[in-house]
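Asker: Chain by chain, the residues:
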Amino acid sequence: MILVKKMLRTARSYKAQFISMIIMMTLGIGVFLGFNMEWKTIEYDVSSFLSDTKYADYRLYSAVGFAEDDFEKIASIEGVTAATRFLTVNLDIKGDSKKALALNVSENYTVSTFTLMDGKEYDENSSGIWLSDKFAAKNGISLGDKMTLEFQGTEIDAEVVGLIKAGEHMICVADSNQVMPDFTTFGYAYISPTKLNDILKDKALKTAADELRGAGLPDDVIGQQAEMLVTDEVLKQTVDKVYAQINLISDLEKTELEDSVSEKLGRTIMVVPKEDHVVYKEAMGEAEEGKAMGSILPVLFLAIAILTMVTTMHRIATKEKTQIGILKALGFKNRTILLHYSFYGLFIGIIGAALGMVLGYFVCKAVMSENGMMGTYFDMPDWTAATPAFCYPVIAGTVLLLALISFLSVRAQLKGTAADALRLYTPKKMKKSLLEKLPFFRKMGFATKWNIRDLMRHKSRFAMTLAGIVGCMILLVGGLGMRDTMAGFLDLLDNGISHYVTKVNIIENTGLKDAGQLIEELDGDWESYSGISIDGDTAVLDIVNNTGGRFSVVDEDNEPIKLRDDGVYLCLRLSSRAKPGEYISFSPYGSEKSYRVKVVGYNRSVMTESITMTDRLADEMGLDYSISAIYTEKSSDEIPASELISGKQDKRQLMDSFGSFVEIMDGMVLILVIAAVILGIVVLYNLGVMSYVERSRELATLKVLGFRNKRIGRLLISQNIWLTVIGIAVGLPAGIGTLQWMISALASEYEMKLMLGPLTYTVSVLLTLGVSLLVGRMVARKNKKIDMVEALKSAE
Amino acid sequence: MSVVKFENVSKIYRNGDHELRALDKVSFSLDEGKFVVILGPSGAGKSTLLNLLGGLDSPDEGTITVSGTDISKLTDNELADYRAQSVGFVFQFYNLIPTLTVYENVKLVSEISKDALDAKDIIGRVGLLDHLANFPSELSGGEQQRISIARALCKNPKILLCDEPTGALDSETGVMVLKLLLDMAKNYGKTIVIVTHNQNIAKMADVVIRVKNGRIRSIEEQESPLSADEVEW
Chain B
75 MILVKKMLRT
85 ARSYKAQFIS
95 MIIMMTLGIG
105 VFLGFNMEWK
115 TIEYDVSSFL
125 SDTKYADYRL
135 YSAVGFAEDD
145 FEKIASIEGV
155 TAATRFLTVN
165 LDIKGDSKKA
175 LALNVSENYT
185 VSTFTLMDGK
195 EYDENSSGIW
205 LSDKFAAKNG
215 ISLGDKMTLE
225 FQGTEIDAEV
235 VGLIKAGEHM
245 ICVADSNQVM
255 PDFTTFGYAY
265 ISPTKLNDIL
275 KDKALKTAAD
285 ELRGAGLPDD
295 VIGQQAEMLV
305 TDEVLKQTVD
315 KVYAQINLIS
325 DLEKTELEDS
335 VSEKLGRTIM
345 VVPKEDHVVY
355 KEAMGEAEEG
365 KAMGSILPVL
375 FLAIAILTMV
385 TTMHRIATKE
395 KTQIGILKAL
405 GFKNRTILLH
415 YSFYGLFIGI
425 IGAALGMVLG
435 YFVCKAVMSE
445 NGMMGTYFDM
455 PDWTAATPAF
465 CYPVIAGTVL
475 LLALISFLSV
485 RAQLKGTAAD
495 ALRLYTPKKM
505 KKSLLEKLPF
515 FRKMGFATKW
525 NIRDLMRHKS
535 RFAMTLAGIV
545 GCMILLVGGL
555 GMRDTMAGFL
565 DLLDNGISHY
575 VTKVNIIENT
585 GLKDAGQLIE
595 ELDGDWESYS
605 GISIDGDTAV
615 LDIVNNTGGR
625 FSVVDEDNEP
635 IKLRDDGVYL
645 CLRLSSRAKP
655 GEYISFSPYG
665 SEKSYRVKVV
675 GYNRSVMTES
685 ITMTDRLADE
695 MGLDYSISAI
705 YTEKSSDEIP
715 ASELISGKQD
725 KRQLMDSFGS
735 FVEIMDGMVL
745 ILVIAAVILG
755 IVVLYNLGVM
765 SYVERSRELA
775 TLKVLGFRNK
785 RIGRLLISQN
795 IWLTVIGIAV
805 GLPAGIGTLQ
815 WMISALASEY
825 EMKLMLGPLT
835 YTVSVLLTLG
845 VSLLVGRMVA
855 RKNKKIDMVE
865 ALKSAE
Chain P
1373 MSVVKFENVS
1383 KIYRNGDHEL
1393 RALDKVSFSL
1403 DEGKFVVILG
1413 PSGAGKSTLL
1423 NLLGGLDSPD
1433 EGTITVSGTD
1443 ISKLTDNELA
1453 DYRAQSVGFV
1463 FQFYNLIPTL
1473 TVYENVKLVS
1483 EISKDALDAK
1493 DIIGRVGLLD
1503 HLANFPSELS
1513 GGEQQRISIA
1523 RALCKNPKIL
1533 LCDEPTGALD
1543 SETGVMVLKL
1553 LLDMAKNYGK
1563 TIVIVTHNQN
1573 IAKMADVVIR
1583 VKNGRIRSIE
1593 EQESPLSADE
1603 VEW
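Heads up: the sequence lines are chains B and P, in that order. First residue of the first sequence: 75, per this note's numbering; consecutive thereafter. First residue of the second sequence: 1373, per this note's numbering; consecutive thereafter.
Hints listed in this document are in silico derivations from the structure and should not be mistaken for laboratory results. Small disclaimer: the values here were computed from a predicted structure and weren't measured. Keep in mind that the hints are not guaranteed to be accurate.
[As the list claims (entries may be wrong)] Mimicking EDC-like on lysine to aspartate or glutamate, the simulated pairs with C-alpha atoms at most 20 Å apart in a straight line are:
(1) B:K506 <-> P:E1510
(2) P:K1551 <-> P:E1515
(3) B:K173 <-> B:D294
(4) B:K784 <-> P:E1510
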């Protein structure tokens, strides 16, 4: 009991060291747990939501649609557990050209379903609409409200019967150009297949009536005649054309499924696995990013925490040497003394781990919760935090490691007899280092020599301080650099690539001939993207006509490329496939043909993995393509109505959608900057105090000799400044390297170019210097209180 | 002519309600160039007296005048300057800076003293020119104390203050160090004040001040002090 009291009192006398060790442990465990919980929570919550809503493993696309026969054949493939014909199409909301919805129909509702948040359960015969609850909330829409959607001149009226969340739209973006969901302008909805049939029937009747009216039939017979023209067979064909997608759940490998589908249908079909679908790809990409972040930052924190513990416990044990000797002389067994001191490490470990677990939970929640950073990105109902199983043994192991560090530090002091233990700890003797042999060393001032030798004498303290400053720099450069890189990426997208005002999306299967007039009217450039297979991997073939300069294709250095007509450009992610001058083969989905083409360069693709070529080359090669989008300088309101237009996207609106993405980034950067400053202050203060304590006798001697407090303070601060300068010199490239590594980790999603603005360099360097100077001053102030008489009594 | 003057100097240490008078209304004066020994048992107040004279501490009552300056009223920085210019210290445990070489330890004081002597010359006089580039930990105790004396003298102070300068040395080395200390002080014309509980050292002094329980018991001037060789150790 008395030993426990002693322990608490000792802890109080080393409060700066104890508090800093607890903070380091808390930060180490907190960041480690928080980042690892973040990716695990993504994996766990996303997987359970996707499983609940029967998210499809594969999506099969056919430009001509899937007939019921095709569907039956595919559904009967062995290994396909469930399948549905599926429709997803972007529609405008009537009266507001800036708002749109992805309207979905899952024909037999066994795949790609939704979770009901409020309202009526799904009913395949209902005439109502199930609307995204977030879109409803953002746009003030309630259950029972009526909505009117517009599609190619057809109006769809429906009553909102349910508010939902759907796995297929967990990341709700209009197309691959949109990075962040924005529920004020874009959401999603489901209708029943019966409702779809009714809409298509109405549309077919209307079209037939228009044709009959055009043929001069009197109005009173048009209705009846139209009914006769729109037979069940006609309607069935229309429906078959609309279902351009089959979603299915299957454990089959992609190639197995592709082969089976080709065999059953007698033609190749574009098969997209969930790994290539925006929701799964992005969510798992986030989890991978989390793993990447979780494997570098926490390791940094934890390593520094443990190393700080080693240094500090060693110093405490040496300071406690006489007390250890007294206990030994009094008759306490070595085992009791070892246990007593090991408890210090255990005590710090347990408190630090407990606080770290709380911090970790909040770090995870700051990212993964409905109101957290990912709340705007993922739209899912459950945000239960999950922890990877390996975290528990790591935390327990760290606590035990701290106890072991204490144990070993004290064991070293217990060696020999009680009389040996009672002797004061003598620091290492000074030896001449290699540095002293250098000619310039002799010319240095006494303060410089003193500091250099002090660092050489206390190498572990030197290394730890350096590690703290380098860590601080890595966090600052990494965090701020990530922001710069993202800002550069957005700037490239906004000013380097997109020179249009509106992107006009064109309905599928519109050839250049059909779209020609519209392209002329809009004075636009155009682009065609379609799925291709490169050695079995899916990519996008991007056929480009940008002669009007409405958009640019850029190279690795973000400079616009004047596209050549004698070959294709591979995006950077595909650059390993072929070097410029080499040939690459690809095969368009839905075609048996394979094309071999020369690679003439690489381009930076801001979104999908793609091969880019000019329309002239495509024509030369005899490729069959359709226009996907027209880029124009006209605003949305100036664009004439056309049946060819499936949607319009304002460039400003697109860039604004990055706003919340940047907010997430800012949040992460803030966490990193705060962590960097705390890390810097804690490590430097702890080691600064240690340095001060170790040198107190020398400082007292200087004071006795007549050195003023200010001069001695300068001596202490100058050591800090040197270490900081060395730390910055090492930390800056290390930070850039870490950033480059992080960007490579993100490479599967984006082709970003590392960018560091002058402000990042300035802020990182000044903040690190500032932290060092602040801590240096805090420690130097202690100098005033140094007891000259007391410090001079003991022997070195 | 008196170089040091203590007038009714008291130093009181307080710990809660408890009060300890380490020095109680002490008055004396010392003449320039004398070798003074302050003698007394442990806890007598002799180190407190030395600390006050050295400007390491300030009295609670009374005045201390050194060369006409009242040092009891000086600020921290003024006291630092006083220590830098007027007094040299020699300690029982040498208190050399372990990370500076022999030469650098001595040369160090020339950075703060306006009238410093040549470091190499003084090191030569204490017989350690061969060890200029050695660190203190590479020297014996006696050699370290000789460097400590060289450092104290290098400042060219008015007074040399020594706190048990032979306390950590064997008797043979102690005699050698004392001899050196006296010779050097004589050569440079310094006043030396040694605090000790060693009666033998007192036999060598011009003036012996005996202290007990914070008060001066006697001040004795010795007309024919013994040399270090004559004293039986």
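Asker: In ascending order, which of the hints set out earlier in this document are inconsistent with the structure?
Answerer: Of the numbered hints given earlier, those the structure breaks are 3 and 4, listed in rising order.
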